[in-house]
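Protein chains in written order, with the numbering used here: chain A, 1 to 676; chain B, 1001 to 1211.
Everything labelled a hint here was simulated from the structure, so no lab data went into it.
Built from N, CA and C at the ideal position, the CB exists for glycine as well.
A couple of the hints might just be wrong.
[Unchecked claim] Straight-line distance between alpha carbons at most 27 Å, and here's what the computed DSSO-like set of lysine-lysine pairs gives:
#1 A:LYS168 x B:LYS1148
#2 B:LYS1209 x B:LYS1045
#3 B:LYS1211 x B:LYS1036
#4 A:LYS394 x A:LYS271
#5 B:LYS1144 x A:LYS168
#6 B:LYS1211 x A:LYS310
#7 B:LYS1190 x B:LYS1148
#8 B:LYS1144 x A:LYS310
#9 A:LYS191 x A:LYS271
#10 B:LYS1190 x B:LYS1209
#11 A:LYS168 x A:LYS67
#12 A:LYS261 x A:LYS310
#13 B:LYS1045 x B:LYS1211
#14 A:LYS148 x B:LYS1148
#15 B:LYS1040 x B:LYS1209
[To be verified] Below, a sample of chain B positions facing chain A; criterion: calculated Cβ distance under 10 Å:
#16 VAL1151
#17 ASP1159
#18 LYS1209
[Said to hold, decoys possible] Stretch by stretch, here's where chain A covers chain B in the computed footprint (C-beta under 8 Å, at least three residues):
#19 1112 to 1122
#20 1165 to 1171
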Amino acid sequence: MSRLMLTRYLRLLPMLLLWVAPATLARELRMQVATLRTPVATLERVRLQLHWDDHAQQGQLQLWAGKVDAAGLGYHYRNVHWQCPLQRRPNAGWQCAGALRSGTLPPLQLAVQWDDAATRAQLRQGQAQLALARVAATPDVTTLMLHKLPVVWAQALMAQAWPVARLKAGVVDGQLQVQTPTALPLRMLGKLQVTGMGLDTRDASIAGEQLTGRLQLDYRSTSTLTDVQLDGQLQGGEFLAGNTYVALPTTPVTVHVAAHKTGSAGWQIPKIEWRDGDALTANAMVQMHADGSVQALSVQAHSDDMTPLKPRYLSGWMGVMGMGDVTLHGALDLDAQVNADGLAAVNAQLHGVDLQDPNGRFVFDGLRGGLRYSAGAPVESTLQWQGGQLYGLKFGPATLPFASSAGQLRTRAAIAVPMMGGTLGLRDVVIRPPQGEHGMDIGFGLQLAAIDFGKVSQALGLPAFQGTLGGSIPRAHYAQDRVDFEGGLTLQLFDGRVAFSALSLERPFGTAPSLSADIAMDDLDLLRLTEVLGFGSISGKLDGRVTGLRLVDWTPVAFDARFITDDAPGVRKRISQRAVQDIGSVGGSSFIQTLQGKAVALFKDFGYRRIGIGCHLENQICAMNGLHSAGNTFTIVEGAGVPRLDVVGYNRAVDWATLVERLLAASKGEVAPVIH
Amino acid sequence: MKQWMGVPGMGVPVVGALLLSACVTINVYFPAAEAKQAAKEFVEKVINEADKVQIKETPAGSGGMALQAPRARFDVSGFDPWVLLGIGSAQAQAAPDISIKTPAIQAIQSRMETRFNSSLRAGFDSGALGFTDDGLVSVRDAAKVDLKDRVALNTAVADDNRDRKAVYREVAVANGHPEWEAQIRGVFAKQWISSARPGWWYQAGGAWKQK
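Produce the complete structure using the sequences and hints provided.
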């Protein structure tokens, strides 16, 4: 653009030519100027040469400039040379059009016309065209007409405001007025249509591509103050800043920005308005440090329809957080303040917001009310939901009264969430959002009361266990992607009790969630258990202990389990023939001692004295044991009465996958009798 | 199934438990060489080009107790179960293996392999990505990637790092030593760099270097 500023210099030419023109002989004019200053550009080591043959219609004009600096606009050129045929025009006018070269840059075509009334210049390269007009009556006003002008040409201008940015692609059409009054700031204003603009910062943290829109610009700059007013209508393109990815819709988004910068201080942006239909209306204010970091930020946002928010604005963050597939619906008001210490305050008002993770981790329906966070003074809010699901376990409506101060979010009262026929109680919830290097930290107490385990089993696809789950976890703590539970839960199951303790959950919503627990079982009614498991039929009571249980992705990878029948007065101890086969098959290989196998088929059931089986699972191998072991064998069932039947397992090391296959086959009754 | 069917045994009255307790020694040192071997196997499988022939092994009855180079699945019937119970030779005690063959780890590994081939490999080839010195992946030069692919790449890197952390943790836990997590991670970190192809970037002492 500054190449055009040369035309300022050309204003001198008519005067010079006044005494060249009447000549009747070939004349040559040479002139040298050490430094030539104009309001926009400074030219150094300027040489001008005009050669005019006698009676010729035109002369040859050549102009050199060792250095052209338009400091206010950021343009600097070296070794500029322009050569053109100089011709007269009416009204004491002149015109000259020829190639303009600077260093090794590709040449441009520069055409200049001037007369008493106006100066016009046109710079062309291919389709790109930049025309300039200045009327003598208003010498401080230059009008620029842009036609398919590469955005890259504005690189130096952009670098004035944003040094690390690189313009990569796009064209600009429109008209700009540049005002250069001597005592006043440089001012540019006009309307531009930008098409397919691409930009990138040096560290690639901010980038834009295919940005298209209409802009109305008012830019003022002095050596101490830069002020920008921008009104625009964006029509597509994408933009990335850190993890914030904005995919602009094809519907227009109107934007208004007012920003200013004093001296070497950072940008102050007192006004950013963003209007994206129903999806997002936002007003923001930003104060930046000189290094571009945020000193203070305040945002007020409103969304009547959150559905498009994710694809348009949130996909970057949600993807990085592992929530890329989560869908959002509903309406939201958000007011957030960030200061140098981080998040200072948030006030979110939710109006029927639905959150759903298609991967089945969670669902929240009908979120309503407020959620307020404060890093300073106390604030209160109340959030409600209609219902939802956690890993397929449905829960009902709940009200969450929150209070927040000093960077913590706490519940003001206990929360009762109806769940699976019972209640999930939460109390003393304290949430510390991530701050600096510290990740999210949540403390809470948990109580389960009268949860229908039948429903839980159904939801989790377990066998149809019937029972009630209850218990108290006085303190649970979530930090570093891990929840530890103090206390335990008790499950009333099959007339007995199952107690869970030493519970912890790693990566609850992340990669391969991992649950650890110790489980103790007391006096479970075997008849009901075996019925549910489809595992033949055994009457009696069962005790058991599973220590060091670890489920990864809800699949057991390690435990030390042992189950043994318990004597109870008045309880018959019988085992059906089918159960014998099933136990036998699960025990790897089994055989029946003291009774020939074929005889087993003759009896429906047998008496037993004790049944015991254990498995130590590690590295995918289940090391099995029974009531007692002998060499590679272990006794699972000790018979009683006549006919007396013992079941002995053979080969204590069993591949876990094989064992599970067998258990499933046994529960489906697919075990073929193994008779020796 | 047939091979599992034992013949009627004689109920040899050997009290295995006595034997067990007689020779159990507790190893608490970190088996660095075995960890390196396991890490190498894991990493190579993720990084290796898909055109290499891979014969997928189903978890053998041998479990994960011996996980050196892939080998023939051996007949379970010939397996000495005592080894599993810690009643092997003294050497078995002295050189515990690091197992990476739990279904969870293998599921993560296979996901990482797919992700590596679908997006991360191109990032490493172009120089956009690098291996960090703590066993993760980082976007070191986002400018190498078109904007439209950058969001997907950021997501893939975040997903992969979550998987990596889970692997380091689960390998430690699966081998009965959760406290080894940091050491396992260190071994894997070295292995990713060691298995990296020429031209790929990695972090060393805080600076990026090209292999």
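Hints and how they fare:
{"no.": "1", "hint": "A:LYS168 x B:LYS1148", "result": "holds (15 Å)"}
{"no.": "2", "hint": "B:LYS1209 x B:LYS1045", "result": "holds (23 Å)"}
{"no.": "3", "hint": "B:LYS1211 x B:LYS1036", "result": "holds (20 Å)"}
{"no.": "4", "hint": "A:LYS394 x A:LYS271", "result": "violated (44 Å)"}
{"no.": "5", "hint": "B:LYS1144 x A:LYS168", "result": "holds (14 Å)"}
{"no.": "6", "hint": "B:LYS1211 x A:LYS310", "result": "violated (39 Å)"}
{"no.": "7", "hint": "B:LYS1190 x B:LYS1148", "result": "violated (32 Å)"}
{"no.": "8", "hint": "B:LYS1144 x A:LYS310", "result": "holds (26 Å)"}
{"no.": "9", "hint": "A:LYS191 x A:LYS271", "result": "holds (20 Å)"}
{"no.": "10", "hint": "B:LYS1190 x B:LYS1209", "result": "holds (14 Å)"}
{"no.": "11", "hint": "A:LYS168 x A:LYS67", "result": "holds (26 Å)"}
{"no.": "12", "hint": "A:LYS261 x A:LYS310", "result": "violated (33 Å)"}
{"no.": "13", "hint": "B:LYS1045 x B:LYS1211", "result": "holds (20 Å)"}
{"no.": "14", "hint": "A:LYS148 x B:LYS1148", "result": "holds (25 Å)"}
{"no.": "15", "hint": "B:LYS1040 x B:LYS1209", "result": "holds (21 Å)"}
{"no.": "16", "hint": "VAL1151", "result": "holds (5 Å)"}
{"no.": "17", "hint": "ASP1159", "result": "holds (7 Å)"}
{"no.": "18", "hint": "LYS1209", "result": "violated (19 Å)"}
{"no.": "19", "hint": "1112 to 1122", "result": "violated (count 0)"}
{"no.": "20", "hint": "1165 to 1171", "result": "holds (count 4)"}
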